[in-house]
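Build the full structure now, drawing on both the sequences and the hints.
First to last, the sequence lines map onto chains A and B.
1 is the number of the first residue of the first sequence in my numbering; add one for each residue after it.
1 is the number of the first residue of the second sequence in my numbering; add one for each residue after it.
Do not rely on the hints blindly, as some may be mistaken.
Stated by the list, open to error - Cβ-Cβ distance ranges computed for the label pairs, FRET-style:
(1) B:Lys20 with A:Lys86: 19 to 29 Å
(2) B:Val31 with A:Asn36: 17 to 27 Å
(3) B:Asn100 with A:Lys76: 44 to 54 Å
(4) A:His81 with B:Lys140: 18 to 28 Å
Stated by the list, open to error - Chain B stretches covered by chain A per the calculated footprint, using a threshold of three residues with CB under 8 Å from any CB of chain A:
(5) 27 to 37
(6) 158 to 169
(7) 287 to 299
Just so you know, these hints were derived from the structure itself, not from any lab.
A quick note: this is a predicted structure, and the numbers were derived from the prediction, not measured.
Every residue gets a Cβ at the ideal spot worked out from N, C-alpha and C, and that includes glycine.
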Amino acid sequence: MMVLITYDVSTMDTDGQRRLRQVAKQCENYGQRVQNSVFECLVDPQQFKELQLQLQKIVAPETDSLRFYHLGSKWKGKVEHYGSKKGYDPEGFLMI
Amino acid sequence: MRRLLNTLYVTLPDAYVGAKGETLIIRSDGVKEMQVPIINLESVIVFGYRGVSPDAMQLCIDNHVSLVFLTPYGQFKARITGETKGNVHLRRTQYRWSDNGEQTLLLAKRFLFSKIGNARVSLQRTLRDYPDRVDQDRLKSVLLLLNRQIREINNSQSLDELRGAEGLAARSYFSVVSEQILVNKQGFSFKGRVKRPPTDPVNALLSFLYTLLANDVTHALETVGLDPQVGFLHRDRSGRNSLALDLMEEFRVYFADRTMLTLINRQQIFPDDFVRKESGAYFLKDDARKIVLTEWQQRKRDEIRHPFFDEKIAVGLLPYAQAMLLARYLRGDLDDYPPFFWK
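Following this line, the structure appears as structure tokens:
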């Protein structure tokens, strides 16, 4: 299933900057960075739970936020792209 | 049944595959071209010479992602595998059965039964779909001969007898493959299977596809804990993945030969998509290789109802399904090994 993850991490202090880096790093392990704080992750339910728990451990709930959008397995019809950095389709033909 | 994960093909000549966290990063000329989480991958196939970092190799091994190196022409160079996995009892049974004449003969029969059965289906389909464009009599006489060889195979008392029947069947099947090629017949003339090296475009295409198939089958066998090197029909030879070759028999026609026909008949591949080396060997050109790989991946995503599991699975999972059934049979959970039949 495809999950879209967006986040807002307050970078007022160095600890916030560290949290931002860690959130991004964690998301990279599970999906593709499509915009600055936006990741598309193709995961199974177990992998999603893992990721969710890890992210929740990193963020500070009073200042930061995480949003998860569940696009399901038929996500392709729900996503449109316009402009640069089209990215790759993780279920498509991966060739470089 | 497991999920069909993706295969990453690295074909840029100067691409270097590195690791960062749980992802693979592919750089070309120092510029990041792609970053893919390892959890989305099943295998990585590298056609270039620059290579893969030890970290990236480790990441692949830890996540059971097969990592294969091919030459730009698709010849196999190396495979990186981690520790031997799986159950030692299963492998011991495999070795014992491989030494046992009776068990060996039975399994070899199953593999060939499926191979020739599937070849027959392929010819029947051509006959049904293009009755006006093929030499019907020629195809029908080969079909009769294949039927006879299937019976021979069932009645064989020894591996030698079996190989004889299979050789005859394979030769007559390949003798009419040219009938199945409907366009560009001149450039794609095919008189029979020639390998190491392939000396015409059709053979070059087949060799390339068989290499891809062999990698998938080997990986599938390793995944279920079988030793790809110890076979039944194919005997031990150092460096040869005999069991992979055995299991491949079930898929050669269904996967590789049909893909070759599709590519040629749909006019995706043309005779001038090949280069002829001084040695007389033919190889796919870079752009054409891309087309073949795209079609191959596409094909793996098609769905088929598996005759034994009676459930829809991705075609790319067929090698796993059969490897799993073979392991179950070796463990004694099944009374017989059901090979893959195309209907």
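Unsatisfied constraints (hint numbers, rising): 4 and 6
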